[in-house]
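Chain by chain, the residues run as shown.
Protein chains: 4
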Amino acid sequence: MFRKTDEVKVLRDPVHGYIHVDYDVIWKLINSKWFQRLRRIRQLGGAHMVYHTADHTRFSHSLGVYEIVRRMVTEVPDIAGALDEREKITVMAAGLLHDIGHGPYSHAFEVITKCPHETYTCMIIEQDPEIRGILEQTAEGLSKDVADVIRHESSNPILPQIVSAQLDADRMDYLLRDAYFTGTKYGEFDLERILRVLRVRDGRIVVKESGVYAVENYIMARYHMYWQVYYHPIARSYENLIVSLFARLRDLEHEGKLPETVPVFEPLLKGRQLTLEEYFVLDEYACSYAFEMLRKAEDPVVGDLASRLLDRRLFDYMEASEENIGKVTELLKKAGLDPAYYLARDGVRQKPYEPYSKDAGNAIWVRMHGGNILEISYASNIVYSLVNGPQISDDRVFFPGEITGRQSA
Amino acid sequence: MFRKTDEVKVLRDPVHGYIHVDYDVIWKLINSKWFQRLRRIRQLGGAHMVYHTADHTRFSHSLGVYEIVRRMVTEVPDIAGALDEREKITVMAAGLLHDIGHGPYSHAFEVITKCPHETYTCMIIEQDPEIRGILEQTAEGLSKDVADVIRHESSNPILPQIVSAQLDADRMDYLLRDAYFTGTKYGEFDLERILRVLRVRDGRIVVKESGVYAVENYIMARYHMYWQVYYHPIARSYENLIVSLFARLRDLEHEGKLPETVPVFEPLLKGRQLTLEEYFVLDEYACSYAFEMLRKAEDPVVGDLASRLLDRRLFDYMEASEENIGKVTELLKKAGLDPAYYLARDGVRQKPYEPYSKDAGNAIWVRMHGGNILEISYASNIVYSLVNGPQISDDRVFFPGEITGRQSA
Amino acid sequence: MFRKTDEVKVLRDPVHGYIHVDYDVIWKLINSKWFQRLRRIRQLGGAHMVYHTADHTRFSHSLGVYEIVRRMVTEVPDIAGALDEREKITVMAAGLLHDIGHGPYSHAFEVITKCPHETYTCMIIEQDPEIRGILEQTAEGLSKDVADVIRHESSNPILPQIVSAQLDADRMDYLLRDAYFTGTKYGEFDLERILRVLRVRDGRIVVKESGVYAVENYIMARYHMYWQVYYHPIARSYENLIVSLFARLRDLEHEGKLPETVPVFEPLLKGRQLTLEEYFVLDEYACSYAFEMLRKAEDPVVGDLASRLLDRRLFDYMEASEENIGKVTELLKKAGLDPAYYLARDGVRQKPYEPYSKDAGNAIWVRMHGGNILEISYASNIVYSLVNGPQISDDRVFFPGEITGRQSA
Amino acid sequence: MFRKTDEVKVLRDPVHGYIHVDYDVIWKLINSKWFQRLRRIRQLGGAHMVYHTADHTRFSHSLGVYEIVRRMVTEVPDIAGALDEREKITVMAAGLLHDIGHGPYSHAFEVITKCPHETYTCMIIEQDPEIRGILEQTAEGLSKDVADVIRHESSNPILPQIVSAQLDADRMDYLLRDAYFTGTKYGEFDLERILRVLRVRDGRIVVKESGVYAVENYIMARYHMYWQVYYHPIARSYENLIVSLFARLRDLEHEGKLPETVPVFEPLLKGRQLTLEEYFVLDEYACSYAFEMLRKAEDPVVGDLASRLLDRRLFDYMEASEENIGKVTELLKKAGLDPAYYLARDGVRQKPYEPYSKDAGNAIWVRMHGGNILEISYASNIVYSLVNGPQISDDRVFFPGEITGRQSA
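Protein chains in written order, with the numbering used here: chain A, 1 to 409; chain B, 1 to 409; chain C, 1 to 409; chain D, 1 to 409.
Honestly, the hints are just simulated from the structure, not real lab data.
Keep in mind the model is a prediction, meaning the values are calculated, not measured.
Worth double-checking, as some hints may not be accurate.
Within a straight-line C-alpha distance of at most 20 Å, the following computed DMTMM-like cross-link-like pairs (lysine to aspartate or glutamate) qualify [to be verified]:
id, chain 1, residue 1, chain 2, residue 2
1, D, K33, C, D311
2, D, K28, C, E402
3, C, K296, D, E126
4, A, K9, C, E402
5, D, K296, C, E277
6, B, K9, D, D78
7, B, K296, A, D128
8, C, K208, A, D128
9, D, K33, D, E126
10, C, K9, A, E75
One-sided and incomplete, this derived list gives chain A residues near chain C with beta-carbon spacing under 10 Å [what the hints assert, rightly or not]:
id, residue
11, V10
12, Y18
13, R196
All C-beta atoms, glycine included, are put in the ideal place defined by N, C-alpha and C.
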């Protein structure tokens, strides 16, 4: 019923070998303007400042998520059997498009727009004439169905579990992909094994008991990637610099002193929700160019922060104790630097895995040999220990290293 | 004598494991503004349009070349013994900086600037206050020495052979790196083995006879990377689009009709050699932003070509027979499209290895068990066959696929 | 119609990820006594004397060949379409069993038995009660059909092409597997790509023109594996030692002086064709134990050669010039060693690929874009050069290094 | 002072790239008869019954341990600085020889000999004329020094910590090697990173705080390898079969009914400590041949158990509850099978890491940024959770599956 491509299209991918496309609708979505824009958004925010090869994009990640979803709905017998063709297409499209509303610099930008990227994602799916058109021409109502997967409002609860839960195509792709492109080994886990142990029970994706080791491995991979890559202080330092620069620009805008050179930022700085057109051009290429222009801004704070971003003269950091914060504030004053822009405090905390939450999609479930289904922390002593052990956190204060006489990070 | 870093600095790299830095001068060069700019220049021109993960940069490639040079001058006993400390630093710096003058979109941009990137590289090394300063503070005359390696004018002929010859750090890094980031296996060869079989004889780097297989493998890797990646028609299609867009812009400039929005391109379009300052800002981020602005240009050719670049609606291609060119020209006329911008002809040809040339640096030499030294095509039947076999070429004509009713590439 | 296993059985394999078994007949064959015996036969003859990790077995190789066949008959649409279910099972079983008649020490043993392993393979398939029983219970006549694939006498000529031709499951598995277990990179090629470009035309497996690069790569991989692994002089030295030991034992047998300790070798040394029962026990474990016993044999030649095999004191080697052979013969006489056992001459020669032969199965065919089918040396300049270039050979004389005062190899 | 090889000898190894040998004494030890014997002892006991490619040997593992030790004593500045040349050679030799006394089938054989392999290891090092000779000719007293490392009695406590502690060359090699040859990913961890974070403080090897993640990863790798490979029930089933077969043989020996065919086993079955000569021939090849002979033994239990080992008809298994054991015993009686040989009970338990013990070598120590040294469970919340969480155990009863009507494992 749904139109296939003439022959299976394949895109070479180092993580998955190949991305396979056999539905026409998927091929058209890939070739759409908004999807191609993801080539201009890096997958990771500041991590490429730590891992110099981490320049991979949301474009390749989105293809990877699609590919894992495709394999789940065709190669996992229980899932293949639980969905009809329309649902399979819906969830493959949702996997492909789940990040289409992502802005530059990963989650740093959400702090600035004060709007989660999922909001833009759904707007684009349901309102962009091209994307919406491709979906609706394929099947009436498909654009809403796809957006419903993103919003976790699907009538079939398995669909959002496939794309975004605790053991889902999104996470599985990004761990493997980020490990590959940073060159760390921490994110590696056994995807083939996990796909083999997935089952469906009572409208819920579960893992066979014999797959518990593979899941423990995955949980540890995730945990280590958080601390070694996503929460690396240098990555956070970079992201804090971006936030500081925008804070300064917004303050200048309020004072009517915004530099002329940044038309792309204007709607953002005025604090209004961006139209899709305005949002479209806000990719990392535009931002980088804007920073280059701002380098020569009259305002010394703007010029300094923009140069730091481009030339990688990042803020240094310390543990965020009251004492340290006091000391830094003092030194900044002496150096004539405004702590509003030159001091950032940022705490992150993460457990390897957080099971307790309202909906089934937010835990990993295990089907025991005997048949009953347990939340994984009851099926795995390792996970139990991790869930009930102390939480790990990392609170830091960021500031220009020069004020202490030390080199920048 | 030369200052070392406090402890060995390491940068994680998926190709080499780690990049090791132990000289202060190298660390400072890495942190310089011009070197950091290489983060904004992709390693490959249009190949990321074929291989969606090929977003790696000249920054990581340059670090990789440096690392191979470092290993050659420390781990290969013959080379370590043939160079003094200053020469080692010279050649490590040259490896690091060899691409510092590279513009956006790889060699496509050299067609537009009509200036090989090596010219800018030497200018930056010898004239940029920061880079030159770092080098001269390390040792008087070092900036000229480093530039001399790039220019193949070193007093010690081994230095340029290390960085850029037929079996050199530059080629060895890019083959491995491009293979890794495209996900192809063609570029893989046995770097460890090659490093182990290098020797120095009569001021020339040679390979032990037992290393011939490893070199054959390397030559084949190079050959396959050319045809599968560097010369892939879709990559060339993208690069031709860029050349067409600039051709149109230059023509508009001559007519005084240049769109307002592209100040960064102005010096380029006026056909004058760019100052280092002007050249500095011309990274791929600036270009991409400029294309985004040009999308809405009044001139329909500019708008169309810019959109095609951003949305990946590339030119289709055929064999460049007279017949095909005639047919395409005809169809373009019917469609009202100017062949000056909508038809590109582009021929590439490559032998796996080309030995004959003036200087020793342009061949691979083998020391036979008996002691005599042969050019590799006389030491390897395989290479002999390749060198004396027919040359492979690929001539194509590129054009908008729509005129033939086919989809774009 | 053909019985499936309860669920897909999977065996983890580093080369293929997993081996997948879904037909009951395949599962039963794997669990048969003769197939399990392959665990006691190494894949490579003497190469583990060069590459200390090359202890992989015919058991894992046979599973790998089966897996590639399985993928060819299910994932390559043209092949899947050209065969019925019985033919698919026939060729999968043939892939699995193609080496079941292999004796110890790879091809060295065939020199001793004077009987190619294919003869035993067909005997086992058609006569062993267990194997024959499993096949005939699955479908009448299946054991003959399977053996016919081995004998290249199938009614459908595609079947033997899948298992054993120039681009077949056997070669593809062993190149990848031997590369993995020796730790060399030479044998790697892009299996996924090759599977994607296979087609069937006129009852013949062909390769799409766009797959020529992948095939060139495969041909080079094969060529390099021959010279770096299979024909490595140290591997040949080991194999020649085995042949020498058996020559001595046979001579002793003729003289009625065979040591008591080797009942397993008796039928072999008497020069008669072994029964399947006698052949069954002749695995590498039995041979190694017999060598251990022979270490203490009264006959000094036997004792010395057996000790050399076990303690890896292999023969040294030189180019097999008349002069060298003369010199070695002279030195052996002086040392009181009989050249009949202490001098081995052994020449190997190989082209990367040999196209010309009687049947279609012995060449690689390419379907050009235009539709016509060419033998690959006419479709690839590289292959043309290799086929028409000089042949590479390596003739050596092997002897105990001590006689020259040099250390053993 | 200590003699070097002419040039660095290298052995290709898939885990480490190359094994590098530059001391003459190491090269001679590798070429000794006892060391070459390790080619005939697999690294893993029964795991090759689960992972069909796990045929790697103690020979390659021993080379790998040596290589890691070599890197530790040359590339880790603190360790290189803490040892003199003789100590470095001592510990490299100890790494190489640490398993030289290993018998067949890993630890299963120790159950039979009732003698830990370390006892034989020290005997061989101190008493075998060849090994002892090589060591003593290198330096007087060296054989005792090497054996002292194995016995954890070195005067310098760092030496045994390098070879065998909680984060040592032995464990690091076997995790990586077993992961590679089984094809599982669980055993992978970041060896390069760990080598980079090692330090020496107060005569103790410690890890820099920034290396804690790498160590957590290593601990998890170890944990998963235990449960997925070393303690896999099928591997244990195979090992239990060996123990049962020997139990039966010993009982027959007591009754004076030992089959004639197994002279190699005799000293073992008579329960006396084996001489080195007797022990030498007891490799896996001899055992396998002996099993083949025993297949036809008059005693039906011996014949059956031997056939099961060779043909992989292993015992099935269940949880070792009292109820299950009762049921199995009952069924065995009905089937006329003696539980003494046909029922095995086997419990394993493991924590990912066990810190508390008498000596420093049995914990992993972390040097915190501030300078103080903590046992890792106090430096890592993850490890703390694991150490203080519930212990994981697995108790099984093994028996012939036929008695329950189920297939064998």
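Against the structure, the hints:
This hinted pair checks out: K33(D) and D311(C) have alpha carbons roughly 5 Å apart, not beyond 20 Å. Pair hint K28(D) plus E402(C) holds up; C-alpha atoms about 16 Å apart against a cutoff of 20 Å. Our distance criterion of 20 Å between C-alpha atoms is broken by K296(C) and E126(D), whose separation comes to about 25 Å. For the hint linking K9(A) to E402(C), the alpha-carbon distance of about 62 Å lies beyond 20 Å, and the restraint is violated.
Between K296(D) and E277(C), the direct Cα distance comes to roughly 12 Å. Compliance with the 20 Å bound is thereby established for this hinted pair. Between the alpha carbons of K9(B) and D78(D) the distance comes to roughly 16 Å, so the proposed pair stays at or under 20 Å and holds. Our distance criterion of 20 Å between C-alpha atoms is met by K296(B) and D128(A), whose separation comes to about 18 Å. Taking the CA atoms of K208(C) and D128(A), the gap is about 39 Å. The hint is violated against a cut of 20 Å.
Simply put, K33(D) and E126(D) have alpha-carbon atoms about 15 Å apart, close enough for the 20 Å limit, and the pair holds. For a cut-off of 20 Å, the pair hint linking K9(C) to E75(A) stands: about 14 Å separates their Cα positions. The interface hint given for V10(A) is met, as the beta carbon of that residue sits about 7 Å from the closest beta carbon of chain C, less than 10 Å. Because the closest C-beta pair between Y18(A) and chain C is about 7 Å apart, less than 10 Å, the hint holds.
Given the 10 Å rule on beta carbons, the hint for R196(A) holds: about 7 Å separates it from the nearest Cβ of chain C.
Going down the numbered hints, you'll see the structure goes against 3, 4 and 8, while the others check out.
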